[in-house]
Amino acid sequence: MKIEKAIKEKSMILQKEMLAKQFKELSLARESGKKVVYTFVPGNLTELILSFDMLPVYPEINALQSGMRKKSAAYIKDAEKIGHSEDVCTYVKCDIGMMLNGNIGPTGEKLPAPDLLLLSYTGCFTFLKWFENLERLYPGVEVAMLHTPYQEDGKITADQIDYMVKQLREEVIPKMEKVSGKKFDYSRLSQMMINSEKSEDLLVKILESAKHKPSPIDAYFAGVYYIGPMFTAFRGTEEAVNYYNELYLEIQERIKLGLGPVTPEGEIKEEKFRLVVEGPPNWTNFREFWKIFYDAGAVIVASSYTKVGGVFDLGFRHNFREPLESLAKYCMGCYTNMNLPQRVDLLSKYVKEYQADGFLINSIKSCNSFSAGQLLIMREIEQKCGVPVGFIESDLVDPRYFSYANIKNRLESYFQMLEQRKIILGQETEA
Amino acid sequence: MKTIPEILNHCAELSFDLNFSKAKLWKSESPERILVGYLPIYLPREIVHAAGGLAVGIMGAGDRKQIIKGDAYYQSYICHLPRGVIEMALDASLDHFDGFLFPSICDCVRNLSGMFKIINRGKFARYFDYPQNFSPQVGGVFYRQLIQTILDDMEKINGVKVTPEMLNNSISLFNLNRRLIEKIYSIKQNYPWRLSAVDTYHLLRAGLSIPVEEHNDMLTAVLNFLKDDSGQPQDNIRVIVSGSFCEQPPIGLIKSIEMSGCYIIDDDFMLGSRWIMGDINSETDDPLNEIVHAFLERSQFSSAIYDVGNPKGKRLVEIAKRKNADGIIFCAASFCDPALLDRPEMQKVCDEAGIPHINFQFHENTGQFKVIKEQAGTFADSIKLWA
Ligand code: SF4
Ligand code: SF4
Chain A
1 MKIEKAIKEK SMILQKEMLA KQFKELSLAR ESGKKVVYTF VPGNLTELIL
51 SFDMLPVYPE INALQSGMRK KSAAYIKDAE KIGHSEDVCT YVKCDIGMML
101 NGNIGPTGEK LPAPDLLLLS YTGCFTFLKW FENLERLYPG VEVAMLHTPY
151 QEDGKITADQ IDYMVKQLRE EVIPKMEKVS GKKFDYSRLS QMMINSEKSE
201 DLLVKILESA KHKPSPIDAY FAGVYYIGPM FTAFRGTEEA VNYYNELYLE
251 IQERIKLGLG PVTPEGEIKE EKFRLVVEGP PNWTNFREFW KIFYDAGAVI
301 VASSYTKVGG VFDLGFRHNF REPLESLAKY CMGCYTNMNL PQRVDLLSKY
351 VKEYQADGFL INSIKSCNSF SAGQLLIMRE IEQKCGVPVG FIESDLVDPR
401 YFSYANIKNR LESYFQMLEQ RKIILGQETE A
Chain B
1001 MKTIPEILNH CAELSFDLNF SKAKLWKSES PERILVGYLP IYLPREIVHA
1051 AGGLAVGIMG AGDRKQIIKG DAYYQSYICH LPRGVIEMAL DASLDHFDGF
1101 LFPSICDCVR NLSGMFKIIN RGKFARYFDY PQNFSPQVGG VFYRQLIQTI
1151 LDDMEKINGV KVTPEMLNNS ISLFNLNRRL IEKIYSIKQN YPWRLSAVDT
1201 YHLLRAGLSI PVEEHNDMLT AVLNFLKDDS GQPQDNIRVI VSGSFCEQPP
1251 IGLIKSIEMS GCYIIDDDFM LGSRWIMGDI NSETDDPLNE IVHAFLERSQ
1301 FSSAIYDVGN PKGKRLVEIA KRKNADGIIF CAASFCDPAL LDRPEMQKVC
1351 DEAGIPHINF QFHENTGQFK VIKEQAGTFA DSIKLWA
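Residue numbers (the working numbering), protein chains in the order written: chain A, 1 to 431; chain B, 1001 to 1387.
Quick caveat, the hints were computed from the structure, so don't treat them as lab data.
One should not assume that every hint holds.
[To be verified] Distance condition first, Cα-Cα at most 20 Å in a straight line; then the derived SDA-like pairs of lysine to any residue:
1. B:Lys1024 - B:Asp1098
2. A:Lys384 - B:Asn1120
3. A:Lys175 - A:Val141
4. B:Lys1314 - A:Lys175
5. A:Lys422 - A:His212
6. A:Lys81 - B:Asp1098
7. A:Lys166 - B:Gln1145
[Claimed, not checked] Covered by chain B, per the in silico footprint, the following chain A stretches (three or more residues, Cβ under 8 Å):
8. 141-153
9. 187-200
Keep in mind the model is a prediction, meaning the values are calculated, not measured.
From the three backbone atoms N, C-alpha and C, an ideal C-beta is built for every residue, glycine too.
Okay, chain A solo, but in the shape it has when bound (with noise of 0.2 Å):
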């Protein structure tokens, strides 16, 4: 145990450290001459970024952490204040609210102002209008539009990767050549791409480590720690490469040893029920929502959310000899990029290989992308796969829309019913 704990520590630690050093980066960004460009998680450049060594910033994950340090209500209300609807997706509010308290980020650093605005809107349209928000709040900036195509068709076709490429080369590149006063080096952003593909095949060992039993982590509460670097400002670096490596090491030796998920409440002694979920996590109440899932012993194997920043487990890699060609891939295949059949396919597939008991939706006020379709969604599931299926609803980051004692009713019966579904299967395998 105690091995198992000094090793578990060691790839934490190194994702505080890389996540430190980021921030002091980009708190001495003014200082080092180094060019800020603020982009979203879901289909990023960030090896192009790192190509021009500028220095990424994710408004999500700001907000994200907004969240987690219980600051979020106050910026969105201010958000509110200058006008901004109730309705509207929280994520942009929390950001802009950051934005008019001094943009001081997770770290209690200021984040510098961004030089560019990259709008890779893959898989959202609010993202659009956030920047258009942005845009105005910092006047003058530069702005590189890429639109990602929807996989509308459930595929990726030559016409969408030629239009992805072709905007790559005549108006991402100029712009951050012109930005950054570098020229673009296709070398170098080619050699990151080795990196991000031994990352990538590292990080699909890791989530396909729940298809043990019992499942050696929870691949959406911890998942979203693990996603981190390679969905942000990491992939493609020497970093997340060493990070994966210690994670998948850890990981490699709880399953030897047997053990449940770590949570921070204690190790999970009995994997009662194995989960798939679908939809972002709550913020807010992030420790409290994920306990009730430990108290009940509920582990989740495979989640949809750990899959905005890439579908890897579907075979997708960065590529080193098309870089410009694996980045136009990237960007349309990650998860809200996909159409709604493919989106059912892909969580039924879950729900068989992970060998799941359930299916449970959260579903987000603020995010249409996500939610809009998600009750039919729910409905061919549970008649694809036969399991029970649940549904919950809450924000990311607006505490309003979190009310821990509906939302723990709800799953306490949830849990019931599929307590008595087991219980119904046994007997029938006995009989």
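Following the hints, position chain B with the ligands against chain A.
Frame of chain A, contents of chain B with the ligands only:
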């Protein structure tokens, strides 16, 4: 020959015939005819027309249909429009439609395209992903490919291969349609009492479910009538209504605004019909190219298009000034991210330009207008008082 009241009554019926009987009747008259339903906001209807089809605008169920199944498909915090549309898809309303197009405006409409695929409605159901890149060699090429996909979808159904002549003919009919609509709006700009906002609304909305040729005849008749003076000018203020381009406000809401002392001299209710500004060249060997360029270069501003370099607030203020509007009413559907996220900036620009404004939120099936009427009335009074 119908009288003007008869035409307008007919338009009112057509606007809210959620069974689209007229369109279905039109289709039944020839085996080659196809119906393509499309959601707000814009579709280059010329391409459907040229392929022997009728593009039918599906603007939601409004307050005209009881939603029984639709609510079970949508959470309470999603706007109302898609639940009415899915209701129509689940009952017989959209039977006989051959295909559906979902122009890119938001993720609700985007995901609705996938729902249509899952519930298997139409021979095709496509998200129509307008380019956000406006260079002819980049976004233009992509857009042309999109249009070609739809032409191929339609050809598979009725075997019609669209020629440049056919497309040129369709373009000229829609050019006329846009010109007639703009003429009506320019008369309303100077003589708003000649045609009420509700009649104008019905007149335009009716055009979404009948052949353009027929709509052009109606518009021409109404336009001829509007050229002569009629009605009594009231001491009303002149407003522009902005933000209701997708989910439509109930007729009662439009009526309430006018009854509270505001002439609606411009609006974006039927934005799709007015999307392209000016004519599209209809005398070329490559009409598809003209449709593409018109979109890239002459689209009206909207919440669906990223507006770097040509901000929509500025464009709205320009219209308000050109049309000599006294104020702007921002009127958006609840939970409509595209409209609501644009609002703060639009309001700020109005403030800077000294244009008074108020805002409402609505659902397409809102039934109570008392508060809105009072707010609009107070707005009108304050403008009259301080003007
Ligand atoms: S709508 Fe969803 S995906 Fe889009 S910015 Fe908001 S939370 Fe993110
Ligand atoms: S009303 Fe707004 S949110 Fe709803 S479907 Fe239309 S554009 Fe989307």
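These are the hints, each one checked on the structure:
1. B:Lys1024 - B:Asp1098: holds, 11 Å
2. A:Lys384 - B:Asn1120: holds, 16 Å
3. A:Lys175 - A:Val141: Roughly 11 Å between the alpha carbons, so the hint for Lys175 (chain A) and Val141 (chain A) holds.
4. B:Lys1314 - A:Lys175: violated, 25 Å
5. A:Lys422 - A:His212: With Cα atoms ~19 Å apart, Lys422 (chain A) and His212 (chain A) stay inside 20 Å; holds.
6. A:Lys81 - B:Asp1098: Answer violated: Lys81 (chain A) to Asp1098 (chain B) is near 47 Å, above 20 Å.
7. A:Lys166 - B:Gln1145: holds, 15 Å
8. 141-153: Holds: 7 residues of the segment 141-153 of chain A have a Cβ under 8 Å from chain B.
9. 187-200: Answer violated; 0 residues pass the 8 Å Cβ test.
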